Every structure is written in structure tokens, then in C-alpha cells.
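Chemist: In case it helps, the numbering used here puts the sequence shown at residues -6 to 292.
Among the clues, some could well be false.
[Stated by the list, open to error] Now the in silico label distances, taken between C-beta atoms and shown as ranges:
1) K259 with Q(-4): 39 to 49 angstroms
2) K124 with Q92: 40 to 50 angstroms
3) G233 with Q92: 28 to 38 angstroms
Rather than coming from a laboratory, the hints here were simulated on the basis of the structure.
Computed from a prediction, not measured in an experiment: that's the story for all the values here.
Here a beta-carbon is modelled for each residue, glycine too, at the ideal position from N, C-alpha and C.
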Amino acid sequence: MTQRFDGQVLLITGAARGIGAGVARTYVARGGRVALLGLEPDLLEALSDELGAAASWWIADVRDGAQVTAAVDAAATHFGRIDHVLANAGIASYGTVRQIDDASFSRVVDINVNGVFRTLHATIPHLERTKGYALVVASLASFTTLAGLASYNASKAGAESLALATKQEVAHLGIDVGVCHPSWIDTDIVRGAEADLPTFAVIRGKLPYPANATTTLEDCVDAIVAGLAKRRGRVYVPRGVVLANVLKAFTHSPLAWWVMRRQARKYVPSLEQEVAALGRFQHAHVPLTDAKPAPDPQV
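Based on the provided sequences and hints, a complete structural model is requested.
Modeler: Right under this line is the structure:
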């Protein structure tokens, strides 16, 4: 039987597009209401208009704790409660450690790790009132690493650890916390990376399942919504990602490194050349401008 969310409210960061927008649509279709937080006002407004009275939106940069807290509190006041949280805001960067600049590396970590902290910190008081559930979007990259994505790998491993520690800290409050581990999902980030960096697509194609496969956005949304409904501790997208968790020790073993080193020596120079020619460390859809918080709910 399809789980309903009647009378419940989901707060989503990074809600303007991709996974966040897809989850918002499904949650509302099943009777719930959604608070949309993000940095792209045109997209947030369009999505809110599409979803009608069940949705409202707020500008919130997860790099700014005061901004996140203000938006979360405003959403809780507007809807009267928060039952679920999807800490979904995240970005990736291009470039090896010796190549990427400090600002670009730090920005990924600030959004993907510190942004999750700020989201959880601001929403825990509201989740305590409803005995709610938070799902942190980490990644397959929490378990595996790939050259050229060091900031993303480090941040998603950090997001997983942060979520698991928080899970212990809020258990006595009646709050549950889960971690979502998507592999490559058919979103702007993945499509943009493969278009920008042909070598990245070649490297990914040589990886074992599930790292060499792309999952549809619809399947990812279905898995996350099921995770919200069942308050799951882990959500793997696709389910085969569980193998990466189970085999994590082997993936980083000397035997695996013998194979990986050959691939790295072959492909990393080309990857660095492509990033240098591209002239940027993020894909084109990453919003780079700072935004001011909306003072009132945008209905």
C-alpha cells in the first residue's frame, strides 16, 4: 500500500531542482505539504506555484546558519509543524587536489558537511515536537573515492559520519535520522560533469557496478520517499550500493589499489587537462551568487 503523508510537513534543502524537486512533487502527491529551501528563487517559485497551497518557499543558503535557522523557523510557523527533513543541498567540484583552488574545495565541504550540520541544528527543535525524522543525502562516495572528486568524496564521507553521530544524539528525543547513499543519478550534476569532462565519463564506465550505472531520477525519488515513510536508517540508490558499504575495506585494500593505480596513472593527466581547459571548478548549474533570505513565507 502506498504510504500517505496527510497532515505532515517535509522541509527540503536544495529543493529547486533534481532530487529535491522530485521528492517535493511526490510528497505532495501523497497528501503532504512541503517547505522548499534553496538559492534559485525563480525555480523555487515555479515549483511552489505548481504544487499550490501545499508548498511554500524560502531563500536559504546552507553556508549561512542564521539564514537557515530563520527559514526553518519561518517554515515551521507557516505550516505549524515539521515532521520530515531532507538535507539534500549539495554540490560537487572538478579538479585534483593539486589543481583545485582553496575557495572551490572549501565551498564543497562547507555546503555538503557544514550545511547538513546547520540544517540539522535548526530543525532538531521542531522535529522533537513531532518525534520526526531527518534524512541526510550523502552518496556512494561516502564509501568509495574517485580521482578528481576529492572534495566531494571527503564531504560525503563527512556527511555520513555527521548523520550517524546525530542519530545517536537525538534518539532520546524520539527523533530518527537516516542516511541516503545515491550512486550516479540522472541529474544536472551528473550530466554536466560528463559533458564537461569526457575523461570522467570514461573512468566511470570502467568502474564496477553500481558505480558504472546511472539511476533514473524517478527511481531515486521513490527510494527516498519510501525512506521517509519508513524512517529508514539507510537508503541505498540503487539497492546495489549496499555492496559498496559492505566491501569498503576491500575497495581500499592493497589489492584494489594495484588495479586503481594503473587506471589513475592513465587517466588523471587527461582529467587535469580537461579541467584546465574548462576554466572552472564547478558545473554550470551551481548557483554562485549569495542570496538574501526571504522575510516572509512565499506562498
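Chemist: Each hint should be assessed against the structure and marked as holding or not.
Modeler: Against the structure, the hints:
1. K259 with Q(-4): 39 to 49 angstroms: Check passed, 47 angstroms falls within 39 to 49 angstroms.
2. K124 with Q92: 40 to 50 angstroms: Roughly 47 angstroms apart at Cβ, these two residues keep to the hinted range, so it holds.
3. G233 with Q92: 28 to 38 angstroms: The hinted range 28 to 38 angstroms holds for G233 and Q92, with Cβ atoms some 32 angstroms apart.
Violated hints for the displayed structure: none, as all numbered hints are satisfied.
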